[in-house]
Each structure stands twice: as C-alpha cells, then as structure tokens.
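Engineer: Chain order of the listed sequences is A and B.
Its first residue numbered 1, the first sequence is counted upward by one per residue in our numbering.
Its first residue numbered 1, the second sequence is counted upward by one per residue in our numbering.
If you're looking for bench data, these hints aren't it; they were derived computationally from the structure.
Do not rely on the hints blindly, as some may be mistaken.
Since the list gives no way to pick one copy over another, a pair counts as held whenever it fits inside one copy or between any two copies.
Derived DMTMM-like pairs: lysine to aspartate or glutamate, alpha-carbon spacing no greater than 25 Å straight-line [to be verified]: (1) LYS157 x ASP180; (2) LYS157 x GLU135; (3) LYS157 x GLU184; (4) LYS157 x GLU105; (5) LYS157 x ASP213; (6) LYS157 x GLU13.
Being a predicted model, the structure only gives us computed values, none of them experimental.
Protein chains: 2
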Amino acid sequence: MKSFAQRFLDLAESRSPFCLGIDPTPQLLAAWNLPHSAEGLAQMCETVATAAEERLAIVKPQLAFFERFGSHGIQVLERLIEAFHERGTLVLVDGKRGDIGSTVEAYAQAYLGPASAFRADAMTAHAYLGFGSLEPVFTHAVNAGAGVFVVVRSSNKEGVALQTAVLSNDGRTVADSLADMITEFNEQHSEGEVGPIGAVMGATIENLLPTLDRLPRSLILAPGIGHQGATFEDLRNRFERHAARAIPSSSRAVLDRGPSVEQLRDEITKQCEASR
Amino acid sequence: MKSFAQRFLDLAESRSPFCLGIDPTPQLLAAWNLPHSAEGLAQMCETVATAAEERLAIVKPQLAFFERFGSHGIQVLERLIEAFHERGTLVLVDGKRGDIGSTVEAYAQAYLGPASAFRADAMTAHAYLGFGSLEPVFTHAVNAGAGVFVVVRSSNKEGVALQTAVLSNDGRTVADSLADMITEFNEQHSEGEVGPIGAVMGATIENLLPTLDRLPRSLILAPGIGHQGATFEDLRNRFERHAARAIPSSSRAVLDRGPSVEQLRDEITKQCEASR
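Please build the complete structure, drawing on both the sequences and the hints.
Structural biologist: Written as structure tokens, this is what we have:
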C-alpha cells in the first residue's frame, strides 16, 4: 500500500494541495438555516461533499464540532469520511489527540487506516506529554499507511510562549526539538522523500523558516489561511523552498458560501486553483 | 448550583477521594472474556457501574477506549455517564482536548455540564496551544459549574523535557507558568478555596512540591497510582500539604479484578479506604 504522504502528493498533483477544513460551527449552521442538531450537521456535510465532487485531495473535519452532538454527531462524522472516500479524497481528522501508552495506541486504533473504527487517512496529535509518548501512533501509522501531523507551531498567538520555550538540557526550542525528532523518525521510516509524520505550522506565523528547515521530510499542514488572516501568497513567502510540501488549509472562506451547492463548488474550485 | 470543586470535595468527604479510571483496553476485554466490540465494552461498563454502587465520588473514563469503537463506542460512553450520575458519582472525561477559538469552545459544549452533549462534570485539557487558547473552556466551565483539569506534569518520563522547558521571557518552566496561570484564574473565579481549574500532576514524579506550591487553589488529579508504579503512600509523601486536594486515580488495579462483581466491589472498597 502506498504511504499517506505519497497518496497525498499524487492527489495534490492531479487535483490541488488545498485542504478544506470542515468546521461546522453553531454560527455556520445558523447561517445555512439548518437546525442546531446532528440532523443539521448531517445536511451540511452532505452538501459540502456534493459540492466538492472529486475536486479535493484532502479534507480536514474538526472533531470537536462532531463531538458536540454526542454519538449522533459521531455518526455524521462516519458518514462524512465515507462520502469523501467515495470521491477519492483523503480524510485528515483534526482532534489534536495525545496521551501515553495504551491510551495513545487506542487513538491510533480509533482513527488511523482501513482497519480502524473511523478509517481516516491521517490525524493530528499534540506532544504536551512528549514526542516519545506518541510513538504507538507513529508505529501504527507506518503499518497502516497513514499519516500523523504533530502540532509544532500553532497559528494563534497564545501558543508562542510554550512552543518557543527552551529545553533545559540542550538549548533548542520545544518546536525545534519536535521538528528534529519528526525528521529523525521520517528518515528511518520513509520509502520516498517524505515520511509519515507531518507537522502543523500556522501559516500566520512569521520567521518559520529556521524550524521548517528542520523538517525536510515532512508534509506541513498550514492552517490559518483565510479567516485567520493569512493568504496563499503569505504561505508561499513564509514557506519558501518548503512550499511544495505544504497543505494550505481553510474552512470558513469556503463554507461561508453555502448552503448554495453552486457557490460552494465555485469557491472550492477557486481555492484549489489559488493554492496550486 | 454548587461548583464542581465543591461537589467533589463534599463527596470525597462522605465517600472517598479515589477516582476510578475506566480504561477498557483490548487486553482487559479479553481478560474479562468479552467480545472485542462496542457490546463487549458496554458489558464491561455495566459491570463496573453495578459493582461501584454509590461508593465512588468520581470516575474517569478514558475517551480513547470509547472512540476505538466509533459511534457505537460513544453510545456506550453516554450510557456510562448516565449510569454513574444515577449513582451520585461525578464523571471526569479524560480526553486531553485542546485547540483554539470556536473549536475549543466546541469541546466545552460537547462535554461540560448539564446542557452539553455528554453532560460530564469535568474534562481534561492540554495547553500545547497555550493556556490562553483554553479560555473558552474555562469560561464555559465556570458558567456550567464544571471543572477542567489541565495537564501540568504528566506521569510518563517522555514528557519531562517539554514540561520543564524554560520560557524565554521569564525563566519559569512551562509547568510552573501553567500552574501560575491556573491559580490566577482560580483566584478570580472561585467562590470557595478551590477554583474550577485543576491540574494533572503524575503521582509518579519526584520533586513536585515547588510546582504544587503554585497551585494552592486547585484540585490535583494524580494519575500513576497502581500499574504505573506509585502508591497512595508515595502520593501523600510527594504532595505533603497539598494531599487534601489530590484526586488519586487508578484503573487497572481495580479493573483487573473483574469480571466478578464481588471482587470488583471489594477492590473498589479497598482503594477507597486506602486513598482516604
């Protein structure tokens, strides 16, 4: 089976690297005149999948907005993943999970690969409990041909202090040390140029290059395009030589165009072209 | 409505501070001769609730083990929360969630308080995206009479480097700065001595006192008892003057006694007494 990274890069070539974030906020449900319920959520997701057709390489549902409706919301997530797989689109579930031991292994069993409960292609993770604590997820990802995106630099200003704190034993920042450990793992576990562990790096952040230079073998998920203020142009300028491995992600800029299928389709097409 | 902290402290007084972790691992399902499915999970949870009766102040289901079975697993979680509420037991969902903006607000809407989807009494959160990024969860918790436990020092060794990294602008460690921000929030938002934001501090860690001293107004969730190697005695020694606000948590030491309801009941009783 082809690795997640290779499947993404092939699809990005034939479709576009643009990642549609699926963040069905309460405000969005209201703007679409949908009921504030799992049924409303299901209608929104169906409309988005219909509009997307086979245009997108990857989508990124934000788990919190499905968890909001309990098990009924999670059923909608299951259908959403199925609907996008039918369109040949990869699904990256964004839940920033992280824990230790059998718990973190359970997250991998829940989300990653065809034998998991949700059968997603990739997931996001956080490393507050240490990069090493995520090892069971990484191993599972390698075996299942799936991907993991570890948050290295988030797009919000509140994350700066922690992410740029300095490790007491070696002088590197938290973000840089994560980047180095990601690259070390990818070097050991990638068939091609790009390995199974990607990094989340907010497109809104200045001076990302020193950290990006430590991630030569990673896909870089870049949230913060659109509503949060960054443009595709910003991303190309900030990522420079790493822009070819970037996955620019935006949600509201597209979903605000609904519930019209035609307007959604046009906006998806526009974002796909702009991100190429 | 009484705050989560006050409800816990009252129950800890009349029952015990012991927190039963509900971590239904694949190994445990097998050991109980249960099918590896949502049905097996449901049977285990029902047996645990039956055995617990009204002995426990608080339980801590680990979300990953429910997510492993997709929406069917989440239905089991919903029933579990209901079953423990019927027994007057508080439910702390352990998912270490964290994100920004409307996403983190959505986690609060999913889990915290009687108007949420899961109606839990408290949840765990991580601050990799910054303490400030969790503000919507904290505010929601205050309004819903719920609690949030932020991971400050985890029980595993892989987390040490990040959690003891030093903020470049002020010389405090990541863990100490989180502790200070927790206390500042609690001072502004608590009716009594103890505020809505607790801290997760692994009972396995040495030299916790300097950080604990920065958390005078927090409940302290202390995982790592039992299987991970710490004892109730260790906890009392390591927490000293803070032990009265500790919530010692253990899962496997109890659940290994199943599927016998009698043996589970005896072990729960034993742990409740030992943790007093």
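Engineer: Hint numbers the structure violates, sorted upward?
Structural biologist: Of the numbered hints given earlier, the structure breaks just one, which is hint 6.
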